[in-house]
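Visitor: Given next are the chains, with one letter for each unit.
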Amino acid sequence: MSDNDRKSANLTRRGALLAGAAVTGALVIGFWMPRRAQAPLATPEGAVWADEEPETSEVNAWVVVDFDDTVTVRIAQTELGQGVWTSNAMMVAEELQCDWSKVRPQYASANRDAREMAPEWTLKVPGNGATDPSGGGEPQFGTRDRTGLAGIPDSLYRRMRTNAAASVKDGRYYLQLAGAEARERLLLAAAKTWGVPVEEVSSANSVIAHGSTGRTTTYGKVASLAAQTPHPNPEGIRIKPPSEWTLMGTEQKNLDVPSKVTGKAVYGIDVHMPGMKWAAVKSCPVYGGKVKSYDFEKIRSEPGVISAIQFPIPEPKLIRGRIFGGGVAVIADSWYQAKTAIEKMPIEWDIPPEYASLTTADLRAKLMASLDETGRVGVNVGDCDTAFRSGARIVEATYSVPYLPRARMEPGNATVLVTDDRVDIWLGDQSPQETRRSCAEITGIPEANVYLHMCHLGGGYGRNGNGPQAEQAIYIANLNRGTPIHLLWTREEDFINTTYRSIGVAKLRAALDRDGWPIAIEVRTATDSEAPGQNAGFDIAARYHAPNYRFSMHSAKFHIPVGTRRGVGAPAQHFYRESFMDELAHAAGKDPYQYRRELISRTDLPYKADMIKALDMAAEMSGWGTPLPEGTARAIALEERGGEEGHHATISAQVHTVSVSKDGKVRVERVDVAHDEGFGLVNPLSVKKQIEGQITWFYNDAIYQECNVKDGRIVENNFDAFPLSRMSENPPEINIRFFKSGHWLDGMGHDRGPAIQSAIADCVFQITKKRYRDLPLRNHDLTWT
Amino acid sequence: MAMDLTVNGVRHSVDVAPETPLLWVIRDTLKMTGTKFSCGIAQCGACTVHINGVAMRSCSVPVSAAAGKDVTTIEGLSPDGTHPVQLAWMELDVPQCGYCQSGMIMSVVAMLERHSNPTDADIDAEVTNACRCSTYHRIRQAIRVAAAKVSAGGGTL
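Taken in order, these protein sequences are the chains called S and L.
The numbering used here puts the first residue of the first sequence at 2, with every later residue one more than the last.
The numbering used here puts the first residue of the second sequence at 5, with every later residue one more than the last.
Honestly, I wouldn't trust all of these hints.
[Unchecked claim] The list that follows gives simulated cross-link-like pairs (lysine to aspartate or glutamate, EDC-like), each with its CA atoms no further than 16 angstroms apart:
(1) S:Lys558 / S:Glu374
(2) S:Lys265 / L:Asp84
(3) L:Lys35 / S:Asp334
(4) L:Lys153 / L:Glu117
Just so you know, the hints here were simulated from the structure itself, not pulled from any lab data.
Use the sequences and the hints to build the structure in full.
Guide: Shown next, in the form of C-alpha cells:
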C-alpha cells in the first residue's frame, strides 16, 4: 500500500463514519443508499443471508466491497440447484469488473425490500426488447407490481420470486445496471481521492488505475467513499452487450459447490435457534377437509411433548387461492419426538362428502367428457371441419398424463419466531415477498417488521408460493410468541401439502393428403381449469404446418390443488404434440426428422430457422439414419418455449437413442442435444447441468411417476410408491452443442427435457410395435419377441 | 437413556430413547446438519452415513445399533473438504440443489473403498442413492476422477 493509499483509506473510513451518522434514516433517490435497521438475531454458522444492518462499504444495495476487495453480491432469487447463486453474481461482477475469485454471494434482505424502493432510473429496461443484443431484453414479468405476483416490483430488490426460468431473463438488466453503477461510483471515489477527472481513471480486476500518473488503488480501499458518492448521471449508465462480455459467457463453477460437498450449506431444515421447539404436522389428507377432533391427552405424557395446536385450512388468499387441508401440529423438544407422538394421537377428520370417494378414474372421465364440449378456442386458422371431410386419411390419437408433484428432496419446513413487534422466519422459499405478506397478515405485525432469512432450497422445481409450509408455521408460532418454532413435514405430509401438475388428457386429429402431409390438425387438451400453462406448445400457431389448424382448451374443476411444476404446461403438451408428429410421420411412411423439418419450413413462425437448425444439428450429432442393433431405436423431438414474433425464445431439439430389452427394460443409451444459446448464455456450465438434469427428470415422468387419487386423497406419498430413477438408468452419453440465434433466451431451468417422453414412447413403438399414449410407461407391458 | 456414540472420532454421551433413528441424534442432538432427512424409509439415501465403514441409511438405524461403533458423517470425511471424492465433486461441479449430495458422497466413498477402480456395474449396484436434480451424469464422471486421484496417490479414502 502506498502512503497515498493509506492516507485516503483512513480518510475514507473516517468520512464514512461521519457521513453514515448524517444519513441515518434518509432515503436518497438516485443511488442505492445504505439504510439502518434493527440488529439481527444470532445467526447459525454458515448462514448466507444479509445482516439487516447495511455496511459502510455497501456501494449500492447489491454490492458491498470489503477493505480486502472481497465483493459481496446480494442475490434476490433463491438457489435451488439452478445456479442462480452464481449466474446472478456473474451479471453484477461482469459490469463491476471485480476480481471474480473474491466474489461472495449473499441473500438479499426481504425486510429492506419492504422498506426501500429501487431508484427510479433502474426501472426502465434499456434497449429495444428481445431481439436487441445491446439491451436488457424483454422481461417476462415486465409490468410493475408491488406484490411481485403479476410483475416486477419497484421495491429495492425488485422481483424476488424464483420461477418461470426467469431469473436471468428478467433480472439481467437491473443486475448489470447495479454492477455498472457500483463500478462508476468506485471510479468516481478514486478520482475524487486523487483529484483527477474520472475520465482518466479505469479499472480491471478490482484495481483502479490513473493512466498518466500510474497511481493505483483498489475497490476495497475506496468503497466506503464510493458508498457516499452519488452518481451524477445514473440515467447515462449503459450495460455491456455480449460482444463486450469477459465473465458472462464463460463456464464458471457454482459458488455454492464447496459448501455442498462438505455438508455446510444451510437449508431451511438445518436452522437451529436457541430455545427452539419442533412441530410435526398432520393435515387432512383430503383437500378442503379439516380436523373434527383430536385427543391430545393420549400423548400428553410422551417424551418431549409440549402441546398440540389445531390449525385451520390455510387462508387461500395467501396461497394464490389454493385450498389445502386443516390439521393439527404437535410441538415437542425434538422433531422425532413430535413426529412419533402425533402418529400415536387419535385424529378424526371432517372430510367434504363430495370428495370422499373420488378416484383417478372419475377425474379422468370428466376430463375426457370435457373434450367433447365447446372449450376455449386458442387458435383457429382456416376451416378444420371442411378440411377433415376432404382428407385422404384421418389419424386420431388420445393421450393422457397423471397428476405429478415436484417431490423435491427437502421436505417442507420453516422456522418462525414471533414477538410482539417483529416476525423472523427462516426458510427456503421461491417467493419471499409473498411469504413476507403472509407473516404480516397472520400475525398483524407490519411487513416492515418481518425479517425473512433465506436459506438454500433442497430442490424447488416450481414450488413458488405453492404450499402452506410458511403459513402453517407462522400460524403455530404466532400462538407461541417468544418461542422459535421449526415446523417440518414428513415426506408423506410433503405430498399432501403440495400443488400438483394437473392430470391431463388430449385428443389430436389430423387429416392427411394423399402424400401424407397434414391439411388439417385439430388439438383438444383438457386439464383442471386452474392449471397454469394450458396454452403451451399449441398456442399462437401450429409449430408443424397445417393450412387448417384448431386448438381448444377444455377443463373441469377438481379438488386436488394444481400449480406450477417444472415446465408448467409444456411437458405434457410437448408429449402430446411430438408423439402425434411421430404417429403422423409413421402413418405417412416418412422419416420423422424430415417430416418435422418439412412441416416447420412450411410455417411462417418467426424462429423457424432456429427450429430447423436445432433439428438438423441434433440429427447430425446423433448419426441419424445410421444402422442400430436390434432392439434399439432413435426418436427426435423439438422443444421450444416462447417464440412469438420479436419475443424471447428457447429452442432446442433432442435425439434419444433408446433400447428396449425383450423382457421390457427401457434404457436410454444416449441423448444428443442441439440447443439455442440466444445472444449468449450467462453461465454455459450451469446451462449444461440444467439440460443434463432435466433429461433424467423427465425420464422419470415418462417411465415411473404418477400420483393417483383414491377416496379423494393422493395415494402415492413416498419414494417407494413414487420412484426416483438412480445411477443405473442414467443415459451413459449426453452430448450438448449450442448454436447462436438472434434473440435473448426465454429461460433454461424448466422445460429442457420433455422430449424424452415422446422419444421413449416412440422408440418403444418402433421396437415392440406397441404404441402407448398414456404415461408413465411402467404401467404397460413393454416386452417383445 | 444415556449411551455412548462415537461420531467422526469424537465420543458423545447422548440421552435419547434407544429406538430414535441415528439420523435424528446426529441432526438434532449433536447439531450436525450435513446429513439430510428426506424420505424416512431408507429409500432415497440422503441420510447415508458410515457405521464401521459401511454405508447405512441413518433414518432407519436405531441409535442403539450404532452405539459403541464408529459413525462417520459428511462432516468427518475430511477436516477441510479435500477428500478426493469432495475434490472430484468440485472439479466436475456436481451438485445442483445439493440436498442429496452428503449422502451421495458417503455412498461413493464406501463404494470406492471396496472397488478402487470401479466398473459401471459396480457403480450402478452400489451407489443407489436418489438425486432429484438428476446429477447422475456428473456423479459418474466424478467417481472416475476420484478413483484416479486415489490411484495416483493424490489422496486416501
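Visitor: Now tell me if each hint is right for this structure.
Guide: Going down the list of hints, with the structure as the test:
1. S:Lys558 / S:Glu374: Distance ~14 angstroms between Lys558 (chain S) and Glu374 (chain S) Cα, so the pair holds.
2. S:Lys265 / L:Asp84: 11 angstroms, holds
3. L:Lys35 / S:Asp334: Measuring from Cα to Cα gives roughly 14 angstroms; hence the hint holds.
4. L:Lys153 / L:Glu117: 13 angstroms, holds
In summary, this structure violates none of the numbered hints.
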